[in-house]
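Asker: Residues per chain are reported as follows:
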Amino acid sequence: MADHYLKTELEHEMSVNPAMWQFVQEASLDGVWYWDLEQPDQEWMSPEFWKLFGIDPQEKTHNPAEWQDIINPDDLKLALINFEQHCADSNHPYDQVVRYKHVDGSTIWVRCRGQAIRDGTGKAIRMLGVHNEITAVKRRYETGRELAAANSELRSFAYAVSHDLKSPVNTVSMLLAELLENERHALSKDGLDLVDLAGTSIKRMQVLIEDLLSYTSVIGEVVEFEPVALDVLAQDVLDDLRQDIENSGAEVDVSSLPKVIAHRTQMRLLLKNLIGNAVKYGKKEGGNKIKLFATVVDGNQVEINVQDNGIGIDEADFDKVFAVFGRLHRYEEYDGVGLGLALCRRIAMNHGGTITLQSKSGQGSCFAVRLPLMQN
Amino acid sequence: MTFEVHKFIPEGETPAITNLMVVDDNKVDQMIYRRIIKRSGLVGTVYQFLSAEEALKHLRRKDRSSVDAILLDINMPRMDGFEFLSAATDEMGDSFTAMVVIMLTTSLDPSDEHRASQYSVVKEYLNKPLVVQHLYEISEYLARKAQSTVEQG
Chain A
31 MADHYLKTEL
41 EHEMSVNPAM
51 WQFVQEASLD
61 GVWYWDLEQP
71 DQEWMSPEFW
81 KLFGIDPQEK
91 THNPAEWQDI
101 INPDDLKLAL
111 INFEQHCADS
121 NHPYDQVVRY
131 KHVDGSTIWV
141 RCRGQAIRDG
151 TGKAIRMLGV
161 HNEITAVKRR
171 YETGRELAAA
181 NSELRSFAYA
191 VSHDLKSPVN
201 TVSMLLAELL
211 ENERHALSKD
221 GLDLVDLAGT
231 SIKRMQVLIE
241 DLLSYTSVIG
251 EVVEFEPVAL
261 DVLAQDVLDD
271 LRQDIENSGA
281 EVDVSSLPKV
291 IAHRTQMRLL
301 LKNLIGNAVK
311 YGKKEGGNKI
321 KLFATVVDGN
331 QVEINVQDNG
341 IGIDEADFDK
351 VFAVFGRLHR
361 YEEYDGVGLG
371 LALCRRIAMN
381 HGGTITLQSK
391 SGQGSCFAVR
401 LPLMQN
Chain B
7 MTFEVHKFIP
17 EGETPAITNL
27 MVVDDNKVDQ
37 MIYRRIIKRS
47 GLVGTVYQFL
57 SAEEALKHLR
67 RKDRSSVDAI
77 LLDINMPRMD
87 GFEFLSAATD
97 EMGDSFTAMV
107 VIMLTTSLDP
117 SDEHRASQYS
127 VVKEYLNKPL
137 VVQHLYEISE
147 YLARKAQSTV
157 EQG
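Same order as they appear, the protein sequences are chains A and B. The first sequence begins at 31 in this note's numbering and counts up by one. The second sequence begins at 7 in this note's numbering and counts up by one.
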């Protein structure tokens, strides 16, 4: 089949009109080089190459020693090995990512590709090469890796700290129980009150440690998604919270909930926190109604809603309730450590979803979590 | 001797749990366990070990008395609870797995509970602190086990 007429025309234009070649080069490449392998101290470098490193091209004399001076020595070795193999065998590509030093000391990453031009005997006599600068891509990749490593370190650190804190807290809790068991009669009313307060503080510390651990367990965790039936999960959570629900006199109304693609344990934590909050911050004087329902949004997302008619949240405080350790009440009014909604937001994020809040002070709250819906 | 033995119920009587081993590296916790165990009146003799290696050494002894149940911590220096379970199962086989091991731990890692359930010798996974109720549960378990042995026998 004959070439398209425009391809033929373009090739002709490129050969007679230098401005066209120059445009292609400047628009798509960060440097071109052309090396005389019969006089290896002669290698023409396009000015763009030197500008990458903050160097004035006028100072340069088209001698390969000039770039070999500023390339990373290990990368130079790799490039020279590829060069030799490519000259010996054209099937071996001359293509590698190498590091150069910018005049300001920073590292510039460059992909360098080349092709030998051979004489009648197959001997390489010239080499044509191109440069692409990819520092931004490399940096983003490195940052991602560093971030993942830092998250993972933070997670193990928080786990270790929580565990090491929990052990002595438990011991103190047992010591207090022993004290009451054996010395109750010997203690004054004041003494008993103090032991009781110590017990309450220890209990609070235990809750804090456990919440902290739940939170750190979902930071940057590589989650494995599976189909999760939310109605089954919601029932499990309601069973877990049965005592609190009965104590508060709340009525919980669960509409049918769909299946989602999600991390089971994280979904459970999410529902437990949202329903637990609805119970805790529900209407105090009875008549507390909690609704759990889901709607499909845009055909491929599910929105899970947890609604209560409790004390509500002022719009000015919306950001605060989602913050780590963000609290609106003193511990004696409503217990808790301020991690529940931060955890929920983190879980929604891990699932590529969002959590939003509709509320008015005194008029109840509705938390809406959007997640990808399971298709079929 | 590198472990402590406390006899709470004299010879001739038959306590619900005749011989109980407790393996935990925390000395204060061990002291409290001893008080709770004594108060329960359910345990004949308690053997307390501050390391899993010592407990394993004791299990290897030919002249030791029988062991009904072991309360085992997970996080311990050098040999942890899981390493102890693996070593004892490998070395002693059925004579170890016939015992009743109860994990007693502060571990917060949910995967630990799953891991413990992989060992058939582990019959229960309890969170600290130890309370008398836990000892009742162990004695009920042992009674059921004795009953089913009689029925099968």
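Hints were generated in silico from the structure; no laboratory data involved. Computed from a predicted model, the values in this text were never measured in an experiment. Please note that the accuracy of each hint is not assured.
[Unchecked claim] Straight-line C-alpha distance at most 30 angstroms; calculated DSS-like pairs for lysine-lysine:
1. A:K90 <-> A:K37
2. B:K151 <-> B:K63
3. B:K44 <-> A:K233
4. A:K219 <-> B:K44
5. A:K219 <-> A:K321
6. A:K219 <-> A:K168
7. B:K151 <-> A:K233
8. B:K44 <-> B:K129
9. A:K321 <-> A:K289
10. A:K107 <-> A:K81
11. B:K63 <-> A:K233
Asker: Need the list of violated hint numbers for this structure, in ascending order.
Answerer: The structure conflicts with hints 1, 5, 6, 7 and 11, although it agrees with all the remaining ones.
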